[in-house]
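Participant: Listed below, chain by chain, are the residues.
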Amino acid sequence: MSKREDTQGSCGDEFPPDYLTTPPSDDAAALGRRGFMGFVTAAMALVGAEGCRRPVEKVVPYQKLPEQVIPGVASHYATVYARRGDAVGLLVETHEGRPTKIEGNPQHPSSLGATDLLTQASILDLYDMDRSRTPKSGKKAASWADFEAALKAGKFEADQGAKLHVLLTPTNSPSVVRLRGLIKARLPKATFRAYSPIHEGNIRQGAKLAYGAVIQPVFAYDKAGVVLSLDCDFLQTEAGSVRANKGFATGRRPVVGAPMNRLYVVEPTLTTTGAAADHRVRVAATDVERVALALAAHIAALRVPLGPLGTAADKLAKLGVGDAAISEKWLKAVAKDLVNNRGRALIVAGSRQPARVHALVHALNEALGNAGQTVTFASVLDPEEADPIADIAALAKDMADGKVGTLLILGGNPVYDAPADLKFAEALAKVQVSVHLAMSEDETGERCTWQLPRAHEYEAWGDQRALDGTVSVQQPLITPLFDGRSEIEVLSLLTAGQESTGYDIVRATVRADLLAAHGLSACGAAGVDGKVDCRDVQDNKVPFRVADLDRDWKRALAEGVVRRGVPSGPRGSVRMADVAAAFEKSSTSAPVSKDSLEVVFVPCSKLFDGRHANNVWLQELPDPITKLVWDNAALVSPKTAKELGLKNGDVVKLTRGERSISVGVWLNPGQANNSVAIALGWGRKKAGRIGNGKGFDAYPLRTTDAAHVATGVKLSKEGSYDFAVTQEHASMEHRPLARETTWADFQQHSNFAELQEPTPRLLPLWTPQDYSKGNQWGLIIDLNACTGCSACTVACQAENNVAVVGKVEVARGREMTWLRIDRYYVTEEHGSLQQRTGATEEDPLVVHQPIGCVHCENAPCENVCPVNATTHSPEGLNEMAYNRCIGTRYCANNCPYKVRRFNYLNWHNDGVWAKDGNVPDVHQMQHNPNVTVRFRGVMEKCTYCVQRIQKAKIVAKRENRVIRDGEVVVACQQACPADAIVFGDLNDPQSRVARAMKDPRRYALLGEIGTKPRTTYLGKVRNPNPEIV
Amino acid sequence: MAYYEPIRELDEAPLIEPGSRLHDITEDISRVSETKAPPGWWIAFSLALCGVGLFVASVGYLFWRGIGVWGNSAPVYWAWDITNFVWWVGIGHAGTLISAVLFLFRQKWRTAINRFAEAMTIFAVICALIFPGIHVGRPWLLFYVFPIPNQMSIWPNFKSPLLWDVFAVSTYFTVSLMFWFVGLIPDIATLRDRSAGKIRRTVYGVLALGWRGSNRHWQNYERAYMILAAISTPLVLSVHSVVSFDFATSVIPGWHTTIFPPYFVAGAIFSGFAMVMTVLLIARTVFKLHRVVLMRHLELMCKVILTTGMLVGYAYGMEFFVAWYSGNEYERYVFVNRAFGPYAWAYWTMVGCNVLTPQVFWFKSMRQSIPVMFVVSILVNIGMWFERFVIIVTSLHRDFLPSSWGMFSPTVIDLTTYIGTIGVFFTLFLLFMRWLPMVAMAEVKGTMAQADPHYHEPSEHGHHAHEVHKAHGDASAPSKGLAPEGA
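If you read the protein sequences in the order shown, they are chains A and B. For the record, in the first sequence the residue sitting at position 252 is 252 according to this note's numbering, with numbers rising by one throughout. Just remember that this note's numbering sits 10000 ahead of the position in the second sequence, which is counted from 1.
These aren't lab readings, by the way, just hints derived from the structure by calculation. A portion of the hints provided could be inaccurate.
Facing chain A, from chain B, some residues (calculated, C-beta under 10 Å) [as the list claims (entries may be wrong)]:
#1 10023
#2 10078
#3 10141
#4 10145
#5 10161
#6 10207
In this text, all values refer to a predicted model and were calculated from it rather than measured experimentally. Quick reminder that beta carbons are idealized off the backbone N, C-alpha and C, glycines included.
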């Protein structure tokens, strides 16, 4: 037994290792017959035993525990994620150093605790299997040192960087702007440009036209009683959608006796925002301007001072509104509503509308007194930023002219998404040294001489400014997986070498902001006494302790906010005459017709501009409106389709001049006639194994003169294509499913949802189970707040390791999403509204109904399972024991809500991954360790995030108390930017959910069949303008 | 009528070709297993074996990849798998009905077809049992459905109709097997006694369980047969009622229907008789059983098919009436959708095959036309398959929430699995026909004139002595006075 001392730590081996293998006799050679037989038999038995087991794979635990890491306990780090024109503050859940789940940061004004769809899905981009692994020079692997040497060899100082061009993306990062300044100081002739296909250029130009300066409008939807959106999808694809959702939902809580906001939307294609509208008018994108002018004329007619703009609007509006869908009555009523709600109305315009429309909107908001109330203004980070389209065009020209010696493309994918007429790829070939910093070797990368792996936002230090000017530090959550570096780290190579690491760069940038919080500015370097010399507001010299600066920095990291946004200074009045002149100068395009269609390039709500194309969750996420997966489509209105002889799945050729694209057609109710909408970002050729060749690329049709809308497009039929959708039937078939009413009716019948309940309600045959004790979990979904944005679906997928199945399997209805969002089109015939709506199948109203397992108290699934694999917990959860499930699928058949999902195949090596043979290892790093990964043949469904409930219970038990309300936040609820989902303990009378249970709008979906669901709904209240209907 | 012939009821037609001798029966039936198989048998058998191969390959692939190789989808979680299951169970029912219920009701005409029908029951139930076994997602854990004591103290869910199914169908299979085997004993003994080779004698000897044809043996045999018939009889009603509970106890509109148990039983008998007829017509032609299987038998079966077909038709109509009368919107929609929705073709195929086709049997000429019978029996089999398809798929594909509506389309594997089980069925059946007496010789003999105690061989016939000797030489010949009719 002396050996045991040697194996210290291998606690308690029962026998020394050689006990079994040593024959009893000391002398092995003297093995007798019996001994021999015994030995051989034992050996044979062991051989057999070995064959029964999988090979042992030893996992070595931490030898030394890293500081602050407790195995099994997740930590949350504050960081920030850059989104279009905005940055969303986050708390990222990290398991043993592995970020797994994105959650909103309640401290951050652009998050307020919630996130949007793309931010939720961004975690998977981090674990993208097709990310670049190493710097490459040409096709050869190289190192960062090689690149640095190559960059030095460029000797930019010689000509002050005259041949150095840098292409950035429009940025929110103060560090990028600061570094740019440092580089410009060193290399004054270097050229910096910024391009992104989806950008805020028109908004900036609009503000400049109206106010003479680029300032950022910040909208307070919560304060707005009447909102008019002119082609602005502020709830989904425009900048600041999280805060917009939150604000809009806040102004829309129906309470008897209190007013509720009203939303008018004028848009060419049905968007999430349009779907939430009380009144929606579909007009071609090019006609939105005319509607805006006509409205301005009507508003001016109501004695709102618009000065020269009013006259111009009146004159121009007389030219007529292109589409007959919009009536004078409508315009008059909307104008009246806006004027009656002076100071609490809000007009917003979409970023694809020209600058003059934005300027007109500013003029109207000012004239109506909304500015300062529902619209405030923030300064922009970089007022010098030019229009991205002009920038990229200039760069392409410089490249074609051979003026570019070295081109650094830091982010972006211009070969794929630059306007087609610039022939960017051809111009790029003329550049001697082209460097592309990107997450993967994409269309641009493969044409550059250097490809550099870019660190994901969650791997690198950075800083981001939110829409309202709030600055946050982007904290890395994991060391770069694939030797990537961030944009600022690469930029710093061009500086004189002040700071080289991302950390130093960001700290240096943020220092000014941290000191500004103390009213200090113009600070010098730290002195030997550990103090910094600064100047206060009165320009007095004030020393500031470095230790305090460190403390502030730590706090900023922990909170996720360095400095809150401050409103911009005085903005002056709108230059009405300039705006009017802009309109008078503009040429009005010819009205659309079936022979001269317009094509609207829409930011994809899933892939955005194409950057998320390799994200398998987003590929498989149903589009919030069309419910298409794995594809985009040319959306046409049913009427246009009929005129052109099109049906779903036809492939058409869209031709504009010499450019054309082939694209599959999908009939989209609510689409403006003769207007075709195509989401950008699809049809990638080098996105990666997931995104390659999915959908249809619209960029080849997009040119500098038609960056947002292309007019005069001709259509011809070409072939056919198979689309996959998750919802094939859009009508509620007169069934009281998503129940709704109008605000006027709600005043009289606040229990309208209950009144729509079919009779008779089935009574239970047996004494109901007693659920009056302990925690009883319940969830309430407010249909009035839900906009269908789908952030919850992705959040659920990330939290619960929900598998993806691929397009073919989705077409068979085998998608695995635990939380789906049913989207119904409501027409006058098929609706529960007590009022005439004028909604038709061509132009329906929309209602979204998120639904996961509703956890019935009388669950039909439970009593049909032959093996007791799905049972009820004492806390009212309908639970799945995956280990027990044999997969009869009887439960799913008997589920009236059809929320159960069956693993028809092993989705981890079949379906999407069939070609690779398995889910990529790096992809598996995203999995939540607290949730079982399900094997084939097993049923699964929403668990109410039981792992989160358990976590809260453990904490509460250790602290010897009951679980507090709000302690268990389920993933969908956490993500929801509209606070449409409330979860909690029904037995706690103070809980939010228990209070929501008493809401008169509450009803149980299919309650009449006696299932007693724990997830119930609050009915939707529409607020139509009585003067319009 | 001569004084020495048994007294018959008025108009009672003979059940065996008049003039047949007991020995003729023995010869006709035993000959099949004693002579070389006809070429027709070999052709059929090789085709059936191909089916088995297809089945093994399909199920192998199914086990390798998962249920997803079938077309089952969401919301149609059950499709061909359960359709085939119910179809096969239903087919089995005719066997038990013919052998047990008709036995208790003293329907002597059953003797010509009962062995056949029972064998069909066994093989159909085997095919049926395959489906619940292979349609689960994790077939290697199928034993969870059995109440096996285990260390985790988890029992199956006794509230689940699927579990009732497990018990009902397995009980049914066991009882049917016993019933069939008990009935076979005297006939196997006959084969044993006629055996020439040693292997044959040993195998049949073991299977005959030492049958000697003694009075005591006959007594015990008759009693056991009667008891098993009595046990089987309620099973005819219960098994398909329990199968129907899979649907009837659910909440799904189109399934949640109280009419299902009798409707399913009627349908089962209907489809079973059709299948017996299909197989019998083939066997009668191939093995030349015209002496035993008379046109009268076939005509009676046609009448049963006509009756049960109309019962089923009534159920179809009643479902619609109740759906309308209930006022339940979901229920109404399901039935309108069945008849006029995307699966209307399946519904009208079902109605055409099951309700309209059997109507030809109102005409005697049709009831006596072998081709017509054959075609009708095949059509009824098709119709009954579609009935189950319609019930399962059209109810599931559009239930409560229109957002979840979807379509079902089968895959090649669905088809090969189904064809494979038909191959399994016919392989077993052909083996049975080849090696076991496919007509219950002893029982048939009991219905012959010779079995009557008052029977007297006409003296002018000249074969009396020989005949009596022969009759006593057959171990399976019922001793006089103990014939099944108990005269």
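Participant: Where does the structure disagree with the numbered hints, that is, which hint numbers, in rising order?
Facilitator: 1, 6
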